[in-house]
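Model the full assembly from the supplied sequences, consistent with the hints where possible.
As a plain string of letters, each chain reads:
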Amino acid sequence: MADTAELTRNVKPETKSKFGWFVSDSLVLIERSIKHITKNPDQLLSVAFQPIMFMLLFRYVFGGAIATGGTSYVNYLVAGILVQTAAFGSTYTAIGVSTDLHRGIIDRFKSLPMNSSAVLIGHTVADLVRNTVSSIIMILVGLAVGFRPTATFVEWLMVIGILLLFTFAFSWLSAILGLFAKSIEAVQWISFVFIFPLTFASSAYVPTKDMPTPLRIFAENQPVTQVIEAIRALLVGTPMGHHALYAVLWSLGILIISIPFATYLFRRHSTR
Amino acid sequence: MTKRGNAIEIKDIRKSFGTLEVLKGINFVIPRGSIVALLGPNGAGKTTLIRILSTLLTPDAGQATIEGFDVVDEADNVRGVIGLTGQYAAIDEYLSGRENLEMMGHLYHLSKPDTKKRAAELLEKFDLADAANRPAKTYSGGMSRRLDLASSLIASPPILFFDEPTTGLDPRSRLMMWEIIDNLTKEGATILLTTQYLDEADQLADRIAVLDGGMIIAEGTPNQLKAKVGNERIEFEFDSLECLKKAEKIISNDSILVNEEKYTLSVANDKGVKKLKSLLEEFEKSNITVVTLSLHKPTLDDVFLKLTGHQATAEELAEEEKEPKKGKK
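If you read the protein sequences in the order shown, they are chains A and B.
Taking numbering that gives the first Met the number 0, the leading residue of the first sequence gets 0, the next gets one more, and so forth.
Taking numbering that gives the first Met the number 0, the leading residue of the second sequence gets 0, the next gets one more, and so forth.
Coverage of chain A stretches by chain B, computed from C-beta distances (three or more under 8 Å per stretch; other residues unrestricted): (1) 14-24; (2) 33-41; (3) 92-105; (4) 110-116.
Keep in mind that the hints were calculated from the coordinates and are not lab data.
A virtual CB, placed ideally from N, CA and C, is assigned to each residue, including glycine.
Okay, structure coming up:
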C-alpha cells in the first residue's frame with residue numbers, strides 16, 4: 000500500500016493574482032466552516048432550538064409582566080431575540096478560531112502558500128450563514144405565536160442588511176476573543192461575560208425607560224440597543240429616530256477596528 | 000528544473016523564548032534528495048527548528064534557506080515547496096478524509112482536476128480509501144497520522160518536514176509509516192524528520208544529527224554514530240559481589256559498566272556470539288555464577304551518555320522503554 004511510485008507527480012500550482020488567490024482561499028475556508036455547521040448535529044440543534052426556546056419563554060412566561068407601551072409584547076420581542084441570537088451566534092467564531100489555534104491544524108494552514116487570514120474570513124462568513132438560518136426559524140416561530148410585522152419589502156431588506164452587518168461585526172469581535180483566549184473552555188465564559196451584559200442591558204426584552212439611570216444611559220447608547228431599535232422600527236413601526244444610522248455606524252466602526260486587529264493577532268500568533 | 004546548491008541550508012540559527020535559549024546556533028546543510036533525522040530528547044529544540052524552517056516561527060538570529068528561498072524574507076516561496084507534518088494530526092475532524100485532502104489541495108493552489116486526482120491516489124496508497132468519506136474524527140490514531148501525512152503530500156512538495164512522525168503509534172502503524180517515508184525518498188523528496196528513537200533514525204535516515212540543549216552535538220551516518228556509542232552490550236547479573244569482582248578482573252581490559260548494588264556488569268559486545276561464548280567459558284573456569292544474562296541494543300540514552308556525559312531525562316528513558324523494539328528488515 001505504501002508504494003507511492005506511480006503517483007501523479009507533475010502537479011503544479013495554478014497562477015492567479017494575489018487578490019484572486021485571496022478570494023479563492025477564502026471561499027475554500029468558508030466552505031470548510033459551513034461544513035462544520037452541517038456536519039455537526041449538536042451545532043445545528045442549538046442553532047434551531049435556542050431561539051425557539053427564548054421566543055416561547057419570553058412570549059408566554061415573562062411577556063405578561065412587561066409593559067411595552069402601544070406595541071404588543073410579541074411584536075416588541077422579535078427584534079430583541081433576532082439581535083440577541085445574532086450576538087450569541089457570533090461566539091461560534093471565537094470557538095472555531097480557538098479550536099483551530101489549539102489543535103494542530105493552524106500550523107498546517109500557516110505552512111501553506113496561502114493568505115492565512117482567510118481562516119478568519121471562513122469562520123465569520125459561516126456565522127452569517129448560521130445566523131440567517133436561525134433568523135428565519137425565529138421569524139417563522141414568531142409568526143406562529145402572534146408576531147404581526149408591518150414592514151414593507153424595502154424595510155425587510157433593510158432589516159436583513161442591518162442584521163447581517165451587525166452579525167459580521169460581532170463575529171470579528173468574537174474572533175479577537177478567540178485569539179486571546181488561552182483555551183477552548185476559556186472562550187465559552189469569556190464570550191458569555193462579554194455578550195451577556197450587552198444583550199440583556201439593552202432594549203431586547205424590556206423598554207429602557209424604567210432602568211436605573213446609569214444602566215439606562217449605558218443601555219440606550221450601546222450598539223446592541225441601536226440595532227434592536229432600528230430593526231424594531233422597521234418591523235413593527237416603533238419610532239425610528241436615528242437608530243438605523245447609529246446601528247450601521249456602530250457595526251461599521253466595530254468592523255473597521257476589529258478586522259485589522261484580529262488579522263494582526265492571528266498573524267502574530269505563535270510566530271513570536 | 001534543476002537547482003544548484005543544497006535543499007536546506009541552516010546558518011547559525013538561534014531562538015530564545017523569554018530567557019530560555021532553545022536553539023544556540025544551529026549549522027546544518029541537507030543535500031537535495033537525502034533524508035536526515037534530528038535525534039534528541041524532548042526539549043532539545045527539534046520542534047523549534049522544524050517550526051523555523053517551515054516559516055511558523057521567526058528565528059532571533061541566523062539564516063536558513065529552503066531550495067534557496069530565505070525562510071523569513073521569502074516565506075511565501077518557501078511555503079510553496081514544503082510539506083509539514085507536525086506532532087499532532089493537523090486535520091479537520093469534522094471533514095472526511097477526502098474533504099481534508101481536497102481542501103489542502105485547493106489551498107496549495109492546485110487545479111480542481113489535479114486536486115481530485117491526487118486526493119484519490121493518496122487515499123488509495125495510504126490505505127484510507129475505505130474510510131475516505133467518513134469524518135476524520137472516527138479515524139484511529141494511525142489513520143489520522145496517515146491522513147495528516149497525505150495532506151502534506153497533496154501538492155508533492157520537494158521538501159518534507161516530519162516532526163516525530165511515529166510518536167504514539169502502535170508498532171504496525173509505525174512500520175507502515177516507515178515504509179511510506181522510505182518510499183518518498185526513493186522518489187527524490189528531501190526529508191527532515193525528528194525523532195526520539197535511535198532505531199527510527201537508523202532505519203530511515205542517510206544522516207543523523209543529534210540535538211541536545213539547542214546544539215547539534217554529533218552528526219554522521221547511522222553507522223558512524225553507532226560506532227561512537229558502541230555496539231550491543233551484554234549484561235551479566237551475578238549471585239554475589241565476590242563473583243562480580245572476579246568477573247571484573249577477567250574482563251578488565253574492556254570498557255565495562257559495573258553496578259555493585261545489583262551485582263551486574265555490562266560489556267560491549269563487539270564480536271557477536273563468539274565474545275559471549277568465550278566470556279561464559281571463562282566465568283565457568285573461575286567458578287563464577289551467572290544468574291541472568293541479557294543483550295542490550297544501543298539506545299538513545301547510550302548515545303547521550305556517550306556524547307554528552309549526561310543521561311537523557313528520566314521521562315525520555317521511560318518512553319524509550321515503552322517503545323517496542325522492532326526487528327531489522
